[in-house]
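Student: With chain A's structure known, arrange chain B on it following the hints.
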Amino acid sequence: MASVSEMYDVGWEEMRDKLRKWREDNYRNSEQIVDVGEELISEHSSKLGDDIWIIYEQVMIAALDCSRDDLALTCLQELRKQFPDSHRVKRLSGMRLEALERYDEANKHYDAILQDDPTNTAARKRKISILKAQGKSAEAIRELNEYLEQFVGDQEAWHELSELYINEHDYGKAAFCLEELMMTNPHNHLYCEQYAEVKYTQGGLENLELSRKYFAQALRLNNRNMRALFGLYMSASHISASPKVSAKVKKDNMKYAAWAATQINRAYKVIAVFLHFLISS
Amino acid sequence: GYVDWVLFLSSGHHGRGGAVLSGVCEDVPALLSVSTVQHQRAAVVVQPDRWRCVRDRLRAAASLPPAPGSHHSAGPHTGSAQVDVWCSQTQQRIVGYYQANACVSDSSPTPCALKIADKISEQFDNAVLLMLDGSKMSPDYRVPPIVMYERKDSRWMLKDKHTIMLRQWEETRAIATQLLESGDHTLLVDFDSHLDDITKDWTNQKLNTKIAELTSPANGSM
Chain A
1 MASVSEMYDV GWEEMRDKLR KWREDNYRNS EQIVDVGEEL ISEHSSKLGD DIWIIYEQVM
61 IAALDCSRDD LALTCLQELR KQFPDSHRVK RLSGMRLEAL ERYDEANKHY DAILQDDPTN
121 TAARKRKISI LKAQGKSAEA IRELNEYLEQ FVGDQEAWHE LSELYINEHD YGKAAFCLEE
181 LMMTNPHNHL YCEQYAEVKY TQGGLENLEL SRKYFAQALR LNNRNMRALF GLYMSASHIS
241 ASPKVSAKVK KDNMKYAAWA ATQINRAYKV IAVFLHFLIS S
Chain B
1 GYVDWVLFLS SGHHGRGGAV LSGVCEDVPA LLSVSTVQHQ RAAVVVQPDR WRCVRDRLRA
61 AASLPPAPGS HHSAGPHTGS AQVDVWCSQT QQRIVGYYQA NACVSDSSPT PCALKIADKI
121 SEQFDNAVLL MLDGSKMSPD YRVPPIVMYE RKDSRWMLKD KHTIMLRQWE ETRAIATQLL
181 ESGDHTLLVD FDSHLDDITK DWTNQKLNTK IAELTSPANG SM
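Chains as they are written, first to last, in the UniProt record's numbering: chain A, 1 to 281; chain B, 1 to 222.
Extracted from the complex, chain A is given alone in its bound form (with noise of 0.2 angstroms):
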């Protein structure tokens, strides 16, 4: 079978230069991640000095995610030889073993990892992770929680919580972790969007004219999010089609309804063309 660098033409510092770049983005291509990085181990480990170990990193979560024990096994020898007595290496130990569903065990070392040193936010994170394999949401939520009275700025917690209180069916919950949010990141506009798709699933007049307010805004901020397109037309629309409202309401929100189905036509026009210019050359 070709290797990378023969199939797309590539030499080592392209291929390094790529890892560093998917690094940055923090992107989970796994399977892409796995073909460039065992490549580059075998073949050129010698040349990459001291990246070799983030690389190895990188290379073994990206192999877990493709049930390539094997390599996965391979990367964190080499870091167990390097860092002994590293807690990021232990935590890779631990990943390794939720990936063959070991849990106990798993939790045994993060435990070790806490012992040593309490404010460990990765091994807490790890210990809520694989209680939400174990379809714990209950636990998961509660121990989130008081990680989160701990580490009141982490955004990640705060949008994991929120996904795991939509999954319980607790958007009241849900829309509030995304409010955290949507403070400290007053310019996302996937936030706006997440809040404003809750806010329509709770129902409800109230709830449906906050939600199509903050599709709106989060249109205003990213005038591409065809998400926050589709539902301030739906959201509009539905208010328009309640019966509770006023007269001028319902022309508002007719008027909003239409604005939205035209920009949805435009930009599928667009691409219409673009299409057929693809397809006819």
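Simulated from the structure, these hints should not be mistaken for lab results. Please note: incorrect hints may appear among the correct ones.
Derived Cβ-Cβ restraints for the label pairs, each shown as a range [unchecked claim]:
{"#": "1", "chain 1": "B", "residue 1": "Asp153", "chain 2": "A", "residue 2": "Arg102", "range": "37 to 45 angstroms"}
{"#": "2", "chain 1": "B", "residue 1": "Asp125", "chain 2": "A", "residue 2": "Glu43", "range": "56 to 64 angstroms"}
{"#": "3", "chain 1": "B", "residue 1": "His162", "chain 2": "A", "residue 2": "Gln134", "range": "30 to 38 angstroms"}
{"#": "4", "chain 1": "A", "residue 1": "Asp17", "chain 2": "B", "residue 2": "His162", "range": "52 to 60 angstroms"}
{"#": "5", "chain 1": "B", "residue 1": "Phe124", "chain 2": "A", "residue 2": "Asp69", "range": "38 to 46 angstroms"}
Cβ-to-Cβ under 8 angstroms is the rule here; a few derived chain A residues that face chain B [as the list claims (entries may be wrong)]:
{"#": "6", "residue": "Gly135"}
{"#": "7", "residue": "His169"}
{"#": "8", "residue": "Met226"}
{"#": "9", "residue": "Arg227"}
{"#": "10", "residue": "Ala267"}
{"#": "11", "residue": "Tyr268"}
{"#": "12", "residue": "Ile271"}
Below, computed lysine-lysine pairings styled on DSSO-like, alpha-carbon distance capped at 30 angstroms [as the list claims (entries may be wrong)]:
{"#": "13", "chain 1": "A", "residue 1": "Lys125", "chain 2": "A", "residue 2": "Lys18"}
{"#": "14", "chain 1": "B", "residue 1": "Lys200", "chain 2": "A", "residue 2": "Lys21"}
{"#": "15", "chain 1": "B", "residue 1": "Lys119", "chain 2": "A", "residue 2": "Lys173"}
{"#": "16", "chain 1": "B", "residue 1": "Lys206", "chain 2": "A", "residue 2": "Lys136"}
{"#": "17", "chain 1": "A", "residue 1": "Lys269", "chain 2": "B", "residue 2": "Lys206"}
{"#": "18", "chain 1": "A", "residue 1": "Lys244", "chain 2": "B", "residue 2": "Lys115"}
{"#": "19", "chain 1": "B", "residue 1": "Lys119", "chain 2": "A", "residue 2": "Lys244"}
{"#": "20", "chain 1": "A", "residue 1": "Lys255", "chain 2": "B", "residue 2": "Lys119"}
{"#": "21", "chain 1": "B", "residue 1": "Lys119", "chain 2": "A", "residue 2": "Lys18"}
{"#": "22", "chain 1": "A", "residue 1": "Lys269", "chain 2": "B", "residue 2": "Lys210"}
{"#": "23", "chain 1": "A", "residue 1": "Lys136", "chain 2": "A", "residue 2": "Lys108"}
{"#": "24", "chain 1": "B", "residue 1": "Lys200", "chain 2": "A", "residue 2": "Lys213"}
{"#": "25", "chain 1": "B", "residue 1": "Lys119", "chain 2": "A", "residue 2": "Lys251"}
{"#": "26", "chain 1": "B", "residue 1": "Lys115", "chain 2": "A", "residue 2": "Lys213"}
{"#": "27", "chain 1": "A", "residue 1": "Lys136", "chain 2": "B", "residue 2": "Lys136"}
{"#": "28", "chain 1": "A", "residue 1": "Lys173", "chain 2": "A", "residue 2": "Lys213"}
{"#": "29", "chain 1": "B", "residue 1": "Lys210", "chain 2": "A", "residue 2": "Lys136"}
{"#": "30", "chain 1": "B", "residue 1": "Lys115", "chain 2": "A", "residue 2": "Lys173"}
{"#": "31", "chain 1": "A", "residue 1": "Lys250", "chain 2": "B", "residue 2": "Lys119"}
{"#": "32", "chain 1": "A", "residue 1": "Lys269", "chain 2": "B", "residue 2": "Lys136"}
{"#": "33", "chain 1": "B", "residue 1": "Lys119", "chain 2": "A", "residue 2": "Lys213"}
We put the beta carbon where it would ideally sit given N, CA and C, even for glycine.
Tutor: This is chain B only, laid out in the frame that chain A set:
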């Protein structure tokens, strides 16, 4: 009796679902699902009797009244609006819903799945609800990794396995395996990905063409 259906495309990631379509078909299978369920990949392809491959342009569905939401309120309902328009243009119908849960060991229908299936059954009497069985989603699966529910007395009940027949399962499985090996499963676009980037074709013409090539008699494999 038969459930004569063609299953719709939905790409990886946990907890995704898709619409089940049926229609006038001609010898071209449609990909049911390529799902990266807990790091395992599998694809189930169903080959219906006849499938008409049509080229089509997307038209924004602005006419369907919105419905009060389940969690992915703006999602599937937007999706179903678009899919409805496409269906009417290509003479197909939405006849069911399938879903793969994020948790591999749990294939029971979520409240969201039940709600969506309810909505579909309002429009189509024999609607089916398919849950993907995560434990059977592996490259060497011998049986279709699906659990089928049908609506009886306004509840979704497990359908008797012996009344379910899938046509050309072995060929379908072979095609799916080939697509996974060639990496073509990465071409799959579901409606969610489409909303992220509307240049992505949720009708998956490219992939359907590849599937058509794999099933053509000239290929020798069928």
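Student: Compare the structure with each hint and give your call.
Tutor: For each hint, the structure was consulted:
1. For B:Asp153 paired with A:Arg102, a C-beta distance near 43 angstroms keeps the hint of 37 to 45 angstroms intact.
2. Checked against the given bound of 56 to 64 angstroms, the beta carbons of B:Asp125 and A:Glu43, roughly 60 angstroms apart, stay inside it.
3. Hint check: B:His162 to A:Gln134, Cβ distance near 34 angstroms, so the stated range 30 to 38 angstroms holds.
4. Against the hinted window of 52 to 60 angstroms, the Cβ-Cβ separation of A:Asp17 and B:His162 comes to about 57 angstroms, which satisfies the hint.
5. The hinted window of 38 to 46 angstroms between B:Phe124 and A:Asp69 holds, with their beta carbons roughly 44 angstroms apart.
6. Evaluation of the A:Gly135 hint against chain B yields a held restraint, the C-beta minimum of about 6 angstroms falling below 8 angstroms.
7. The interface hint given for A:His169 holds, since its Cβ lies 7 angstroms from the closest Cβ of chain B, which is under the 8 angstroms cut-off.
8. Taken as an interface hint, A:Met226 checks out: its beta carbon lies about 5 angstroms from the nearest beta carbon of chain B, inside 8 angstroms.
9. Because the closest C-beta pair between A:Arg227 and chain B is about 5 angstroms apart, less than 8 angstroms, the hint holds.
10. Contact between A:Ala267 and chain B, as hinted, is supported at the beta carbon level, the nearest pair being about 6 angstroms apart and thus within 8 angstroms.
11. At a threshold of 8 angstroms, the smallest CB-CB gap from A:Tyr268 to chain B is about 5 angstroms, leaving the interface hint in force.
12. Interface restraint check: A:Ile271 against chain B, minimum CB-CB distance 6 angstroms, threshold 8 angstroms, status holds.
13. Simply put, A:Lys125 and A:Lys18 have alpha-carbon atoms about 28 angstroms apart, close enough for the 30 angstroms limit, and the pair holds.
14. Taken as a hint, the B:Lys200 and A:Lys21 pair is honoured in the structure, with Cα atoms around 24 angstroms apart against an allowance of 30 angstroms.
15. Of the pairs offered as hints, the one joining B:Lys119 and A:Lys173 holds, with about 27 angstroms between alpha carbons and a cut-off of 30 angstroms not exceeded.
16. Taking the CA atoms of B:Lys206 and A:Lys136, the gap is near 41 angstroms; set against the 30 angstroms cutoff, the hint is violated.
17. Straight-line distance between C-alpha atoms of A:Lys269 and B:Lys206 comes to about 20 angstroms, which keeps the hinted pair within the 30 angstroms bound.
18. Straight-line distance between C-alpha atoms of A:Lys244 and B:Lys115 comes to about 25 angstroms, which keeps the hinted pair within the 30 angstroms bound.
19. Between the alpha carbons of B:Lys119 and A:Lys244 the distance comes to roughly 24 angstroms, so the proposed pair stays at or under 30 angstroms and holds.
20. This hinted pair checks out: A:Lys255 and B:Lys119 have alpha carbons roughly 28 angstroms apart, not beyond 30 angstroms.
21. Restraint check for B:Lys119 and A:Lys18: the C-alpha separation of about 45 angstroms exceeds 30 angstroms, so the hint is violated.
22. The suggested pairing of A:Lys269 with B:Lys210 holds, with an alpha-carbon distance near 27 angstroms, which does not exceed 30 angstroms.
23. Proposed proximity of A:Lys136 and A:Lys108 is supported: the alpha carbons are some 18 angstroms apart, at most 30 angstroms.
24. Annotation: proposed proximity of B:Lys200 to A:Lys213 holds, straight-line Cα distance about 28 angstroms (limit 30 angstroms).
25. The straight-line distance between the Cα atoms of B:Lys119 and A:Lys251 is roughly 29 angstroms, inside the 30 angstroms bound, and the hint therefore holds.
26. Proposed proximity of B:Lys115 and A:Lys213 is supported: the alpha carbons are some 26 angstroms apart, at most 30 angstroms.
27. Between the alpha carbons of A:Lys136 and B:Lys136 the distance comes to roughly 23 angstroms, so the proposed pair stays at or under 30 angstroms and holds.
28. The straight-line distance between the Cα atoms of A:Lys173 and A:Lys213 is roughly 20 angstroms, inside the 30 angstroms bound, and the hint therefore holds.
29. A C-alpha spacing of about 42 angstroms is found between B:Lys210 and A:Lys136, which places the hinted pair above 30 angstroms, so the restraint is violated.
30. Restraint check for B:Lys115 and A:Lys173: the C-alpha separation of about 22 angstroms stays at or below 30 angstroms, so the hint holds.
31. Distance check on the hinted pair: A:Lys250 and B:Lys119 sit about 26 angstroms apart at the alpha-carbon level, within 30 angstroms; holds.
32. Between A:Lys269 and B:Lys136, the direct Cα distance comes to roughly 42 angstroms. Violation of the 30 angstroms bound is thereby established for this hinted pair.
33. Distance hint between B:Lys119 and A:Lys213 is fulfilled; the C-alpha atoms sit about 27 angstroms from each other, no more than 30 angstroms.
Going down the numbered hints, you'll see the structure goes against 16, 21, 29 and 32, while the others check out.
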